[in-house]
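Sequences listed follow chains A and B, in order.
Letter by letter, the first sequence follows residues 1 to 546 of the working numbering.
Letter by letter, the second sequence follows residues 1 to 347 of the working numbering.
Calculated from the structure, these hints are not laboratory results.
Think of the CB as a built atom: it goes at the ideal place given N, C-alpha and C, for glycine as much as any other residue.
Among the hints, erroneous ones may be present.
Said to hold, decoys possible - With a Cα cut of at most 25 Å, we get these calculated DMTMM-like pairs of lysine to aspartate or glutamate:
1) K375/A with E249/B
2) K377/A with D239/B
3) K351/A with D239/B
4) K351/A with D336/B
5) K375/A with E242/B
6) K308/A with E276/A
7) K375/A with E126/B
As the list claims (entries may be wrong) - Simulated coverage check for chain A against chain B, where a stretch passes if three residues somewhere in it have a Cβ under 8 Å from a Cβ of chain B:
8) 354-368
9) 381-391
To be verified - Here's a subset of chain B near chain A, in silico, CB distances under 10 Å, partners left out:
10) D123
11) D239
12) Y240
13) E242
14) R247
15) G248
16) I255
17) M264
18) V268
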Amino acid sequence: MAEIGDNKDVLLTMRDLRIEGRADETWSEIVKGVDLTLHRGEVLGLIGESGAGKSTIGLAAMGFARDGCRISGGQILFDGIDMRKTSEAERRAMRGKRIAYVAQSAAASFNPSHKLIDQYSETPVQHGVMGRGEAQGDAVELYRRMQLPDPDEIGFRYPHQVSGGQLQRAMTAMAMACRPDLIIFDEPTTALDVTTQIEVLSAIRDIVEQFDTAAIYITHDLAVVAQMADKIKVLLKGEEVEESDTRSMLSSPSQDYTKSLWAVRSHARAEQPAVEAGAVPVVSVRGVTAGYGTVDVLKDINFDIHAKRTVAVVGESGSGKSTTARVITGLLPPRKGDVLFNGATLPANYKARTRDQLRQAQMIYQMADTALNPKLKIRDLIGRPAQMYLGLNGKALDTRIRELLDLIELEPDQYIDRLPSELSGGQKQRIGIARALAAEPQFIICDEVTSALDQLVAEGILKLLDKLQREFNLAYMFITHDLATVKAIADEVVVMKEGVVVEQGPKSDMFQPPHDPYTELLLSSVPEMDPDWLSGLLAERAAKAS
Amino acid sequence: MQNVMSNVWVLALSGLSILVVALNMGLSIDLFGFLGGFGGFLTGLFTVGAVIVVAMLAGWIFQQALLAISPRGMARELRTAPLTASFGMLMIVIYILLAVFAPVIAPFSETEVVGPEFLFPGDRAEFLLGTDHLGRDLLSRLIYAARNTVGIAFVTTALAFILGSVLGLLAAVVGGWMDQVLSRGVDVLMAIPALIFALLLLTIVGTSIINMILVIAVIDATRVYRLARAVAMNIVVMDYVEAARLRGEGLWRLITREILPNAMAPLVAEFGLRFCFVFLTISALSFLGLGIQPPTADWGSMVKDTATMISFGAITPLLPAGAIALLTVSVNFVVDWQLHRASGLKE
Numbered sequence: 001m002a003e004i005g006d007n008k009d010v011l012l013t014m015r016d017l018r019i020e021g022r023a024d025e026t027w028s029e030i031v032k033g034v035d036l037t038l039h040r041g042e043v044l045g046l047i048g049e050s051g052a053g054k055s056t057i058g059l060a061a062m063g064f065a066r067d068g069c070r071i072s073g074g075q076i077l078f079d080g081i082d083m084r085k086t087s088e089a090e091r092r093a094m095r096g097k098r099i100a101y102v103a104q105s106a107a108a109s110f111n112p113s114h115k116l117i118d119q120y121s122e123t124p125v126q127h128g129v130m131g132r133g134e135a136q137g138d139a140v141e142l143y144r145r146m147q148l149p150d151p152d153e154i155g156f157r158y159p160h161q162v163s164g165g166q167l168q169r170a171m172t173a174m175a176m177a178c179r180p181d182l183i184i185f186d187e188p189t190t191a192l193d194v195t196t197q198i199e200v201l202s203a204i205r206d207i208v209e210q211f212d213t214a215a216i217y218i219t220h221d222l223a224v225v226a227q228m229a230d231k232i233k234v235l236l237k238g239e240e241v242e243e244s245d246t247r248s249m250l251s252s253p254s255q256d257y258t259k260s261l262w263a264v265r266s267h268a269r270a271e272q273p274a275v276e277a278g279a280v281p282v283v284s285v286r287g288v289t290a291g292y293g294t295v296d297v298l299k300d301i302n303f304d305i306h307a308k309r310t311v312a313v314v315g316e317s318g319s320g321k322s323t324t325a326r327v328i329t330g331l332l333p334p335r336k337g338d339v340l341f342n343g344a345t346l347p348a349n350y351k352a353r354t355r356d357q358l359r360q361a362q363m364i365y366q367m368a369d370t371a372l373n374p375k376l377k378i379r380d381l382i383g384r385p386a387q388m389y390l391g392l393n394g395k396a397l398d399t400r401i402r403e404l405l406d407l408i409e410l411e412p413d414q415y416i417d418r419l420p421s422e423l424s425g426g427q428k429q430r431i432g433i434a435r436a437l438a439a440e441p442q443f444i445i446c447d448e449v450t451s452a453l454d455q456l457v458a459e460g461i462l463k464l465l466d467k468l469q470r471e472f473n474l475a476y477m478f479i480t481h482d483l484a485t486v487k488a489i490a491d492e493v494v495v496m497k498e499g500v501v502v503e504q505g506p507k508s509d510m511f512q513p514p515h516d517p518y519t520e521l522l523l524s525s526v527p528e529m530d531p532d533w534l535s536g537l538l539a540e541r542a543a544k545a546s
Numbered sequence: 001m002q003n004v005m006s007n008v009w010v011l012a013l014s015g016l017s018i019l020v021v022a023l024n025m026g027l028s029i030d031l032f033g034f035l036g037g038f039g040g041f042l043t044g045l046f047t048v049g050a051v052i053v054v055a056m057l058a059g060w061i062f063q064q065a066l067l068a069i070s071p072r073g074m075a076r077e078l079r080t081a082p083l084t085a086s087f088g089m090l091m092i093v094i095y096i097l098l099a100v101f102a103p104v105i106a107p108f109s110e111t112e113v114v115g116p117e118f119l120f121p122g123d124r125a126e127f128l129l130g131t132d133h134l135g136r137d138l139l140s141r142l143i144y145a146a147r148n149t150v151g152i153a154f155v156t157t158a159l160a161f162i163l164g165s166v167l168g169l170l171a172a173v174v175g176g177w178m179d180q181v182l183s184r185g186v187d188v189l190m191a192i193p194a195l196i197f198a199l200l201l202l203t204i205v206g207t208s209i210i211n212m213i214l215v216i217a218v219i220d221a222t223r224v225y226r227l228a229r230a231v232a233m234n235i236v237v238m239d240y241v242e243a244a245r246l247r248g249e250g251l252w253r254l255i256t257r258e259i260l261p262n263a264m265a266p267l268v269a270e271f272g273l274r275f276c277f278v279f280l281t282i283s284a285l286s287f288l289g290l291g292i293q294p295p296t297a298d299w300g301s302m303v304k305d306t307a308t309m310i311s312f313g314a315i316t317p318l319l320p321a322g323a324i325a326l327l328t329v330s331v332n333f334v335v336d337w338q339l340h341r342a343s344g345l346k347e
C-alpha cells in the first residue's frame with residue numbers, strides 16, 4: 001500500500017483524526033486518533049459494532065460533525081484541500097458535488113412530498129453543474145444503470161410509491177448525480193431484506209466501478225463488506241483495530257477482536273433428538289386464516305411447536321411472520337382456524353383468556369427500547385409478572401428478581417434499581433427475556449430479538465436463549481429474516497411468503513436441497529464471507545435466466 | 001461551561017445596573033437635561049434595563065440558594081434552568097408565601113375601610129400604595145387577593161386536569177365507542193367560545209365561588225382532554241403497553257403505571273399554561289362582575305373598582321393588573337424551561 005503523500009492518486013487522507021461528543025455537560029472523545037488513506041476509485045469498508053465511530057468518521061470526511069459533536073484534532077485532506085481549514089461555504093460547495101452521502105434509511109432521507117426526479121435534479125442544479133432538463137435526462141440514464149424497473153417513468157413517482165430497495169437505489173443514483181469523487185455509504189442495506197439487499201449491492205458495486213468513484217462503505221455486516229470493499233478497516237470504540245486488503249483480512253485476521261468477529265458466524269445449536277410420536281405439541285396452529293380489514297394476510301397456516309424445540313419462522317418483511325405471532329397471542333383473532341395449547345383450544349381473543357393461559361405464552365420483542373416502560377425500574381419491570389401470576393411479594397419477590405437477573409447474567413445489586421435508559425441495547429434485550437421468564441411460561445415468542453443488535457451482542461443473546469431453553473424446557477417460536485440466526489438456533493424451520501407457508505420441516509432438511517424455489521432464493525441470497533460470492537451468484541443467476 | 005458563561009454575564013450586567021442606578025440618582029439631571037427631549041426616552045430605557053438586570057440577578061441568587069440546599073439529583077436538574085426560569089420560580093415562591101401568610105404580612109384587613117378614598121400611592125406613609133374607591137388599603141387587598149385569585153385558580157386547574165386527563169387517557173386506552181362518545185361531547189363543548197359559555201353558565205347556575213370553579217374546570221377540562229388523548233394515543237401503540245395488555249393488566253393499572261408516567265412531561269407543561277389561562281379567565285369574569293364577589297379582594301375586580309383613577313394620573317389600577325401579568329409571565333418562564341427539558345431540545 002502506498003505511503004501518505006507520495007502518491008498522486010490519493011484522494012482522501014485523515015491523520016490522527018479526533019472527534020469529541022458532548023454528554024452531561026462534558027466533552028469526551030468518541031474517535032481517538034484514526035488514520036485513513038483512500039485512493040481514487042478505491043472502496044474502503046469501515047466495520048465495527050455500534051458506537052465504534054464508523055458513521056462519525058464517514059461524516060468527518062465531508063468536514064462535518066453531527067450536532068453535539070466536534071472535530072477536535074487531526075487533519076482531513078480531501079484532494080489536497082484541508083477540510084478543517086476551509087470555510088463552511090467552501091465545504092458546502094463541495095458537498096453533493098464532490099463528496100456525496102447515502103444514508104441508512106432512504107425512506108427517511110427522501111422528502112416525502114417531492115417526486116424522486118425533482119429531488120435528483122436539485123443537487124446538480126444547485127451546484128450549477130447542469131440545467132433542470134439535462135439533469136432529468138441524466139437521472140433516467142442513471143436509473144437505467146441502477147437497474148431500476150421502468151427507468152423512464154420511475155422518477156415521476158413519490159418516495160412512498162416505490163419499494164425500499166428501489167428507494168435505496170434511487171438514493172445512490174442521486175448521490176451520483178454530480179459524479180462525485182467520493183461517496184460515503186452509511187449502512188445502505190441494513191434495513192433491507194436479504195433478497196432486496198442483493199439487488200442494491202450489485203447496483204452499487206457496478207455504478208461505483210463504472211464511474212471509478214472512491215467510496216467509504218460503512219456497515220456492521222462482514223459478509224456484505226467482503227463483497228463491496230477493496231480494503232477493510234476494523235474499528236472498536238473509536239480506535240482502529242487493524243486494516244488490510246479484503247482477501248487477507250478475511251483469510252488471516254491478525255487481531256483477537258477481528259478473529260472474534262469472524263468466529264461469531266460459527267455458532268450452531270446441537271442437533272435435537274426427534275420428537276416422540278404422539279407427543280402433544282405445546283402450541284399448534286391449525287388452519288389459521290387472518291387479516292386486517294377485508295384483506296387476508298395469513299392463509300391457512302398450520303404448524304406445531306413442541307417442548308424444548310425452537311421453530312424458526314422465516315420470510316421477508318410483509319410475509320406474515322409477525323401477524324402469526326399476533327394470532328397466537330390473541331391480539332388478532334383469526335377469521336378461521338384455531339390455536340391449540342397443550343391440545344386444548346385457546347380463546348381467540350386475549351381478553352377472553354384466563355390469567356394462567358396468558359402466563360403460559362410470553363413474548364420477547366424486537367425493539368427492547370419500546371418494549372420496556374422507560375419510567376419503571378428493572379425491579380418493577382421484571383417483578384410485575386412474578387407478582388401478578390405467582391403472587392410473590394416483599395422478600396420472596398426480591399429474591400425472585402435477583403434469581404432472574406442472575407439467570408440473564410446481569411449482576412443483581414448493580415442493575416436492580418436502574419432504569420432501562422441506563423442499559424445498553426443488549427442488556428435491555430436481556431431484561432426483556434427476564435420479564436418473559438418471570439411468568440414461568442412454557443412457550444416464548446421471540447420476534448426478531450437479535451436484529452437490532454450487533455453481532456457479538458446478538459450471539460450472547462442467542463446463547464442465553466439456548467441455555468434457558470435447556471434449563472426450563474421452553475418451546476420457542478423464533479421470528480427472523482436472518483438465515484444465519486436460523487442456522488444458529490432453530491430445530492425446525494417454517495418458510496413464509498405472502499401469508500402462505502411455502503416450506504416447513506427440520507432444519508437439516510431445510511438447508512439441504514431440493515428446495516422450494518423461494519427457499520432457494522432466500523438461502524442463496526445470504527451473503528457469505530467470500531469476496532467472490534456476489535460475482536459468482538450473479539453469474540449463476542444470469543446463466544439460469546438465459 | 002454554560003454555567004461559567006452565565007455567571008460572567010450576570011456579573012457584567014450587575015455592574016451595568018449599578019452604573020444605571022447611579023446615573024438615575026445623581027448624574028441623570030445634568031446629562032439628560034443636556035440631551036433634552038431624548039433624555040426621557042433614554043432614562044426609560046435604562047430603567048427597563050435595570051429592572052431586567054435586577055430581576056435576573058435575583059433569579060440567579062435564588063438559583064444558587066436552591067442549589068445549595070437541594071439534594072444532588074435535583075441540583076443537576078436545577079442547573080439546567082435558565083435565569084428566566086429561576087426568576088419565575090422565585091416569583092412563584094414569593095406569591096405562595098404572600099398568599100399563605102397574608103394575615104401576618106398585610107398591614108390592614110381585607111375589607112375594612114381605613115382611610116379616605118382614592119388616595120394616590122405615596123400620598124400617606126401608612127398607605128404605601130394608596131387606597132381604593134371605598135378607602136380600603138390597596139396593599140393589603142393586593143396581598144389578600146393573591147390568596148383568593150391564585151388559590152381559586154389552582155383548585156380550578158387541578159380539577160380541570162383530573163377530569164380532562166382521566167377522560168383523555170380512558171378514551172385513548174379503551175378506544176372504540178368510548179372514544180367516540182367522549183370526543184364528540186368535547187367537540188360540542190369546544191364549539192362554543194369559552195368566555196361566552198362561562199358567562200352563560202354562570203348566569204344560569206348563579207354566581208358563587210363553587211359554581212365558578214366548576215364551570216371553568218369543565219370548560220378547561222375539554223382542552224386538557226384533547227392533549228391527554230393525543231399524547232396517550234402515541235403511547236398506547238408502544239410494545240410495552242401491548243406487553244402489559246397481554247399480561248392481563250387491568251385498565252386502572254394500565255393507565256397509572258404504563259401510560260401516565262410517560263405522558264407526564266407534556267401534561268405538566270400544559271398544567272402551567274392552563275393555570276395562566278384559568279387565572280386570566282377568573283380575573284376577566286371578576287372584572288365583568290360575575291367572578292369573585294365583593295368584598296372579597298381579587299385582582300380582576302380591583303382593576304375594575306379603581307379603573308377611574310387612571311384618568312387622574314394614578315397608577316393604582318395598573319398594580320393589580322401588574323400582579324396578574326407578573327405571575328403569568330413567571331409561570332410561563334418555568335413552563336418554557338420544563339417544555340424544553342421534556343422535548344429534549346438542546347440550547
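Quick rundown of the hints versus the structure:
{"no.": "1", "hint": "K375/A with E249/B", "result": "holds (17 Å)"}
{"no.": "2", "hint": "K377/A with D239/B", "result": "holds (17 Å)"}
{"no.": "3", "hint": "K351/A with D239/B", "result": "holds (17 Å)"}
{"no.": "4", "hint": "K351/A with D336/B", "result": "violated (42 Å)"}
{"no.": "5", "hint": "K375/A with E242/B", "result": "holds (16 Å)"}
{"no.": "6", "hint": "K308/A with E276/A", "result": "holds (12 Å)"}
{"no.": "7", "hint": "K375/A with E126/B", "result": "violated (55 Å)"}
{"no.": "8", "hint": "354-368", "result": "holds (count 5)"}
{"no.": "9", "hint": "381-391", "result": "holds (count 3)"}
{"no.": "10", "hint": "D123", "result": "violated (53 Å)"}
{"no.": "11", "hint": "D239", "result": "holds (4 Å)"}
{"no.": "12", "hint": "Y240", "result": "holds (4 Å)"}
{"no.": "13", "hint": "E242", "result": "holds (7 Å)"}
{"no.": "14", "hint": "R247", "result": "holds (6 Å)"}
{"no.": "15", "hint": "G248", "result": "holds (5 Å)"}
{"no.": "16", "hint": "I255", "result": "violated (13 Å)"}
{"no.": "17", "hint": "M264", "result": "holds (8 Å)"}
{"no.": "18", "hint": "V268", "result": "violated (13 Å)"}
Hints 4, 7, 10, 16, 18 from the list above are not met by this structure, while the remaining hints are.
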